[in-house]
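Next come the chains, spelled out residue by residue.
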Amino acid sequence: MKTTDTPPPVDRIEDRPRVTKTAAARKKEKSSEGGVLNVFSHGVLILWAIMVVLPLLWAVMTSFKDDDSIFSSPWSLPDKLHFENWSRAWSQAHMSDYFGNTLIVVGFSLVGTLVLGSMAAYVLARFDFPGNRFIYFLFVGGMSFPVMLALVPLFYVLNNMRLLNTLPGLILVYIAYSLPFTVFFLTSFFRTLPTSIAEAAFVDGASHTRTFFQIMLPMAKPGLISVGIFNFLGQWNQYMLPTVLNTDPDKKVLSQGLVELATSQGYKGDWSGLFAGLVMAMLPVLAAYIIFQRQVVQGLTAGALK
Amino acid sequence: MQHGKYRFIVGFLVAPLALYAIFVIWPFIQAIYYSFTDWTGLSPDFKMVGFANYTRMFDDDIFWKSLRHSLVFALLLPLVTLSLALFFAFMLNVGGRRRKGAAITGVRGSGFYKIAYFFPQVLSIAIVALLFQFAYNPNDGVINGTLQAIGLGSVQPDWLGDPNLALWCVMAVLLWSTVGFFVVLFSAGMASIPKDFYEAALLDGASRFTTFFKITLPLLWDTVQSGWVYMGILSLGAEAFAAVQIMTVGPGGPDYSTTVLPLYVYQSAFRDANAAYATTIGVALLVVTLLFAAIVMRLGRRERLEY
Chain A
1 MKTTDTPPPV DRIEDRPRVT KTAAARKKEK SSEGGVLNVF SHGVLILWAI
51 MVVLPLLWAV MTSFKDDDSI FSSPWSLPDK LHFENWSRAW SQAHMSDYFG
101 NTLIVVGFSL VGTLVLGSMA AYVLARFDFP GNRFIYFLFV GGMSFPVMLA
151 LVPLFYVLNN MRLLNTLPGL ILVYIAYSLP FTVFFLTSFF RTLPTSIAEA
201 AFVDGASHTR TFFQIMLPMA KPGLISVGIF NFLGQWNQYM LPTVLNTDPD
251 KKVLSQGLVE LATSQGYKGD WSGLFAGLVM AMLPVLAAYI IFQRQVVQGL
301 TAGALK
Chain B
1001 MQHGKYRFIV GFLVAPLALY AIFVIWPFIQ AIYYSFTDWT GLSPDFKMVG
1051 FANYTRMFDD DIFWKSLRHS LVFALLLPLV TLSLALFFAF MLNVGGRRRK
1101 GAAITGVRGS GFYKIAYFFP QVLSIAIVAL LFQFAYNPND GVINGTLQAI
1151 GLGSVQPDWL GDPNLALWCV MAVLLWSTVG FFVVLFSAGM ASIPKDFYEA
1201 ALLDGASRFT TFFKITLPLL WDTVQSGWVY MGILSLGAEA FAAVQIMTVG
1251 PGGPDYSTTV LPLYVYQSAF RDANAAYATT IGVALLVVTL LFAAIVMRLG
1301 RRERLEY
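As given, the protein sequences belong to chains A and B, one line each in that order. If you're matching positions, the first sequence starts at 1 in our numbering and goes up one per residue. If you're matching positions, the second sequence starts at 1001 in our numbering and goes up one per residue.
For the record, the hints were derived by calculation from the structure and aren't laboratory data. None of the values given here were measured: they were computed from a predicted structure. There could be a bad hint or two in this list.
[As the list claims (entries may be wrong)] With the C-beta cut set under 10 Å, the calculated list includes, among others, these residues of chain B facing chain A:
{"#": "1", "residue": "V1024"}
{"#": "2", "residue": "V1142"}
{"#": "3", "residue": "L1290"}
No residue lacks a Cβ here, since even glycine has one placed at the ideal position from N, Cα and C.
Modelling step: build the complete structure from the supplied sequences, incorporating the hints.
Put into structure tokens, the structure is as follows:
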């Protein structure tokens, strides 16, 4: 089963007569389709859409209710918009601190991951030297190892370096654990870029370093965006690493901070505040997803497809 | 091109490699070494004990329980997730083919479905777990509340508190949050299958079932397989850890009914102060993960179809 030539764009050609088709003809076609199966399939698709969207809408709605009505009438609309839930969560429940910590950690980790990852990937993709394959597989092998195994000794490595429970420590660990996928992805990406431009720059007297930063890196922008989105979501949503390595209450990031709020006795009972916090943490990624929907999907699926 | 080449290579590799070696490679090597000691993690003193940790592990009921749960996660969860995702992706990309006159289309509104289904994937697993913890709450939770409202008031399961149900509840949440990712992944794969294959099937009068099993699935097999490995590694590791740790009481559920291997590693090290034993379970987790990946790759190997 092998076709070497690319198939013609059939759908384009086939699309055209559709425009002129009368409503009656279309209706006839529709009724000829296996009706029962269709109703069933559509039903399942709609059901899943509801199951996915409803909990999120419900969480947003609940964050505007007062505590009593959350439990007495979970499905009714709020009597009025209780914005005080949001302000209470933001200031008293330390959501602002968690947000700040997350922004710092993810900001530095993301930049570090992209810079260091692209440097390593560029060298591994473009230069022949002894040990090249070995280093490549050393990096890529990290993708399939269970992180939990390394976390126990890592805890003590960080402790010895006085980096435990600090944001710089967390940043370095995030970068290190993001490198396997980043190097894997960007190595194959750099291999696809044309060599002639880089060679021309080099002949013109640009150093290797300059060629990399001024020529290759701008050309690699699409790849950097894909892998950047992948890492952004992964690092923003990270839960296991901070849970083990970052137990200082003042240094908590969003995901662990929320879990802390939900389980700590002091906040038990403030359900509306908790829901406001949950929604607050959900909104940035949901908004980013709706706006950059195409790039997010490409970035996330690029990894598994390659 | 030789001028300064090696200096450049070393200069560019030293920082990423150092970071990776210190925080990833070195802890992995240490973990395997520590599994042969009696290190508690609290004091710097320890001595070699040979295979004592391993014999202890084989006699440990909780270890076998968590192993069993982890295996259920790695085998059953991907099976359900990928099947559901394949069905959805097929409907969204090929299923509606006879409606429009165009040879191959998805059902109506497929663009919307793809966007909506992917939503949970961008959320933190911690947030998802918290949200469903509320929903599962036996007294005030939405699920039991809804059961009551539709006249099933006598059916009020204890969800996460019931040892027989808790594990399935956690799995349902992971299913909920990952199906969308695979729908989109498989959609991308299906988009690259040449349309004339489908047209040929259509001309031959093949049903949708035949089309799916004879054309789509075989040509998508590589993607399905790497998806299975990806999902298995997730559900043996970070995702399962977060979901179980946040959602179930204990954590680990009533009577260890939801403990999974990564959670047991975590608890042994940081709750029971038994770092050496924790790394031993971690080694078991490593072996299970690698075996799993190897078996899936092996079983899935077929004649490669090119198109």
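Hint by hint, here is what the structure shows:
Hint status for V1024/B: holds, given a least beta-carbon distance of 5 Å to chain A, under 10 Å. Using the Cβ-Cβ criterion of 10 Å, the hint placing V1142/B at the interface with chain A is satisfied: the shortest such distance is roughly 5 Å. At a threshold of 10 Å, the smallest CB-CB gap from L1290/B to chain A is about 7 Å, leaving the interface hint in force.
No hint from the list above goes unmet by this structure.
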